[in-house]
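Protein chains in written order, with the working numbering: chain G, 1 to 341; chain C, 1001 to 1519; chain R, 2001 to 2193.
Worth double-checking, as some hints may not be accurate.
What the hints assert, rightly or not - In silico lysine-lysine, BS3-like type, Cα no more than 25 Å apart, as pairs: (1) Lys2059(R) - Lys193(G); (2) Lys1079(C) - Lys2056(R); (3) Lys45(G) - Lys2059(R); (4) Lys1148(C) - Lys281(G); (5) Lys45(G) - Lys2175(R); (6) Lys1033(C) - Lys2056(R); (7) Lys1099(C) - Lys2176(R); (8) Lys1148(C) - Lys298(G); (9) Lys2088(R) - Lys1099(C); (10) Lys2088(R) - Lys2056(R); (11) Lys45(G) - Lys2164(R).
I should point out that these hints are in silico values taken from the structure, not numbers from a laboratory.
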Amino acid sequence: MSECHVVRESLPLLLAESLDPASRETAHRHIETCAACGEEWLSFKDTWQILGALPAVAVPARARERFLDEVMPRQQAVVVPFHRRPVVRWVAQAAGVVLVAGAAYFTGHRAAPLRLFSQPATVAALRPLVGAQPVYSIAETRVLPATAVSPNIEGRPDIQHVQFVDADPSDGQIGVAFDLTSHVTVTGSPTDKSMVRLLSYVLQNEEKTSPARSQAIDWVRQTYSQPQYANTEIAQALAGILRNEQREGVRIRAVDTLQKLPARVTSNGEVTRDALIDALKNDPNPSVRIKAVEALSKMAGSGQALDAEAVDSLRQKVAQGDENLYVRVKAAEALSKIHQQ
Amino acid sequence: MRSPKPFLFAAAVLFCAVAAWPATFSKTERYSKDFQIEPDGTLWIDNPFGNIEIIGTDSPVITLSAEIALRGADSAAVKEARDQTQIYTTINRQTLVVKTATPLVHNPRWFASVAFTARVPRTMQVRILSQLSDRIHITGTTGAVSVKNINGAVVLDNVTGAASVDTANGSIYFDPNGRLAANTQLQTVNGEIQVAVAPDAAFRWNAQTLRGEFRSNLMVRGSYDGANFRGFVNSPRGPVLTTIAMMGNVVIFRKGTPIAQAQSVRTLLVPQGAADSIGPVVPRAVQRQVVDGNFEFTSGLGDVQIGQVHGNVKITTRAGLVQLGMVTGQCIVSTRGGPLTFGDMFGPMNARTGAGDIVVNTARSGGTLWTDGGMIRVIYAAGGLTLHSGGGDITVRSTSGPVYADTRSGDVTISLDPGVRTQTVVAKSLEGNVVLNVTPHFAADIDATILTSDADANSIRSDFNGLSIRREPAGSGKTRIRATGKVNGGGDRVELYATDGDILITGEVRNPLVSPMMP
Amino acid sequence: MKHLSDQELMRIVQGGDFSPASEIYDRYSGRIYNFALRFLKSAEAAEDATQEVFVKMIKHANQFQGDAKLSTWLFSITANWCRDYLRKADNKVKESEDVLVTLPAPADQSPDRTLEQRENALRIQRALQELTAEQREAILLSRYQGLSYAEIAQIAGCSEGAVKTRVFRAMETLKKLLSVDARGGDRCLNAMS
């Protein structure tokens, strides 16, 4: 290979200032002495400069939102997997849990996740409340501030006897008490990430928790329908119930709560919006459809984002001859909210 | 490939937010370019925000002009608006696609819209996709036209090809140059439709509305089928005009005459004796503070909101919410869809809805509440209650009367007044839990049954001793768990039933719930 | 999180906590998007590429070697995506897509200057499309992303020598297309006022 060819192939590297010093020196010497390569160098330089005139284009803002929307639910799914109610529920699986999160608590750091491991336990089908000993063993009672617990819940712990604690509604603190092998109460602000995760977990893993999911939804509504505690993750957990729960009564509670949440929360991300649209389109219970369309209407009325699919679903709903007339009228009203802005 | 979804409402708000700034920076840029495709080709314009004007001409050239209007809170915002607004064109022999790319969710400090004017060969087909604009105007074309938008009037003027318009909130104005020559479908949810034709224009007319009315000053014949009208103008032959204005009116009138001359089609049908057939739903709504005496009301579609009725109430609607603050007499309400909310009801109630929640603050004489789907909540009742939901929770916060409650899916929670020592309660959920709250002194003959597919999961729990429990297979892999017995010496019948749920009977000391009053 | 290095952020993601996703996105989305935009000449496809590259980054975070350069890994994913995109026959029709108005008009410039800049950008974009995909990939990574030939070789799955040849050939072609004499051609649009 001729020296000219070697030098010419190195010209882009020279332009990018990426040649090692020795090669750079050699190349420059050659260019100075070889007219043809000198001319090539100048024209390459010109071209390199022209290429620089291509300006960088800003990434559309929606792309960021779209990415984060897709990633956050994924995160939730990984950390706290949702499973449909199995045929044989958790009690039959006879799983108990040992809490070993103490390290995080006692060291005062929240770096360590709440680690939970399964061990056998039994629960009787009939459990009189009076005079009966609980079937679980309370080795000790712990109160953990939510700030000391990692928001990552590992494994799928069998949290039982979940109770919502709000001793003083005015202090901005709530608590969730539950039994593992210890009786644990996690307390903190409703906005604390660990508290949100815990409640989302309780909502989405009914087969792993008790009492019933519908009760958990009521707790969530009490707190998170207040604007200052509005939370997207809670909305997404409710959306998951709306989409996956087989019992109509529970779905009604879920959508009723969603409808009461501030619109900016329900419309933040496609998960909730899509669940509402699906409910509007397909839920056999007319009350679920009414509440879904009312939630969408609230989103529209508050200027929050609805996508083209939502708009088309509302249009189709208005035109759907066999739909309950009230639902159709509500769908039309939801569409008209765009107009009012 | 996933396409980004446009976010319409947000954009609408942004528009308002920008418009509301006291000192708005703005900038306008204009561009123009000629294109040539086959004269029967198609022009597609996808422009989320801004007006569109299409003018049919005899020239074979498409002249496309774009005016980009940028507004922002300051010059930096305007620059960002410009950065983020692009117009793309794609062309081949048959098609020219023009697309405005602008983020629909963006910094609220700016707003960008693009107004297009296209002079096109009149034989071209035109397809427009828009979201928010003041107006989309197409004139002088003979090819097929299709428009879909959310907001903004759609005006088709001297358009003689087949036309299809679908708008959510815009009104549609259509003039097929006197006579309709091709099938046309005009559809709006919240807007109106006006069609101007020559006096002798002849076409078939299909129409639909939920809340609007059909009007015309031409010779119209036809008949109604519920909310639908099928008929013709001047002749039962010719192309078909389909007009769907769900919440607005449709007017077909003689070009050049005042639109006010158009009369209700139902009136026009009188000569054929069709006026008595079921017309479109007549919307009526009532809002009153006080009604002295009985109140009777029937409406196809409309909400009823009354503060007080000093007498009996009878309301029947096909759809609409009903809110009554206080009724001193009997109350009968029936709607095929809509939530029902009652305050202080002195007389017996009978309230039914095809869909929606029922909430009663006080049912002093009890009554029957029925929803085909929705939650039922009674805060306080002093008479017997019969409650049914096709799917939804039933909650009675406090009652002294007997209760019969059943839901297809949902929890049933009934709390008896602390003063009640015994009472009949029958509560069933075919898919949920049943909870009965009474005092420790409550006496009853209890028969509680769970039918469950997971006997380890569901349980009957009771604060009372004296119940004997039986478990037995019930076929199909199900187990029946039954608790029966007398508590506190026995009393009225308490029958509780849950499928795949728990039954809980609590006996706690509670303070009596003071009969609440509506504010 | 701004003070954390790429590797530190990725370690958090690998631990199952995706909260650094937005920070990593903010660091690299501009470069990824612009590379894909130049490579594919489609804003829509570039947006999809950006989306999918970052989702893949999260999904397959464990494949990231802790001592590697994150940018190289991200560009590898991007380049693969773009190559797949171009392989699909139905995407080739997009080649005809033209840009009527793409660039901002800075307020402090005369319309003529603005127009000139736009035309330059259009010319460069068109010239880039004349290259083979391999050449285009190499020159984009070298000229606009400042990657070394070793990194480009890793991304392109070829030798450094091959990269050197590709960049050189690309420059030869671009030189011809973009030289002063070659300027001219159709104006894409005409300023009206």
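Comparing the hints with the structure gives:
With a C-alpha separation of about 22 Å, the suggested pairing of Lys2059(R) with Lys193(G) holds against the 25 Å cut-off. The hinted pair formed by Lys1079(C) and Lys2056(R) fails the criterion: a straight-line CA distance of about 33 Å is larger than 25 Å. Among the hinted pairs, Lys45(G) with Lys2059(R) is inconsistent with the structure: their alpha-carbon atoms are about 42 Å apart, more than 25 Å. At most 25 Å may separate the alpha-carbon atoms for a hinted pair to count; Lys1148(C) and Lys281(G) meet this at roughly 21 Å.
Between the alpha carbons of Lys45(G) and Lys2175(R) the distance comes to roughly 9 Å, so the proposed pair stays at or under 25 Å and holds. Of the pairs offered as hints, the one joining Lys1033(C) and Lys2056(R) is violated, with about 41 Å between alpha carbons and a cut-off of 25 Å exceeded. About 32 Å separates the Cα atoms of Lys1099(C) and Lys2176(R), which puts this hinted pair outside 25 Å; it is violated. Among the hinted pairs, Lys1148(C) with Lys298(G) is consistent with the structure: their alpha-carbon atoms are about 24 Å apart, no more than 25 Å.
Between Lys2088(R) and Lys1099(C), the direct Cα distance comes to roughly 23 Å. Compliance with the 25 Å bound is thereby established for this hinted pair. For the hint linking Lys2088(R) to Lys2056(R), the alpha-carbon distance of about 20 Å falls within 25 Å, and the restraint holds. Our distance criterion of 25 Å between C-alpha atoms is met by Lys45(G) and Lys2164(R), whose separation comes to about 17 Å.
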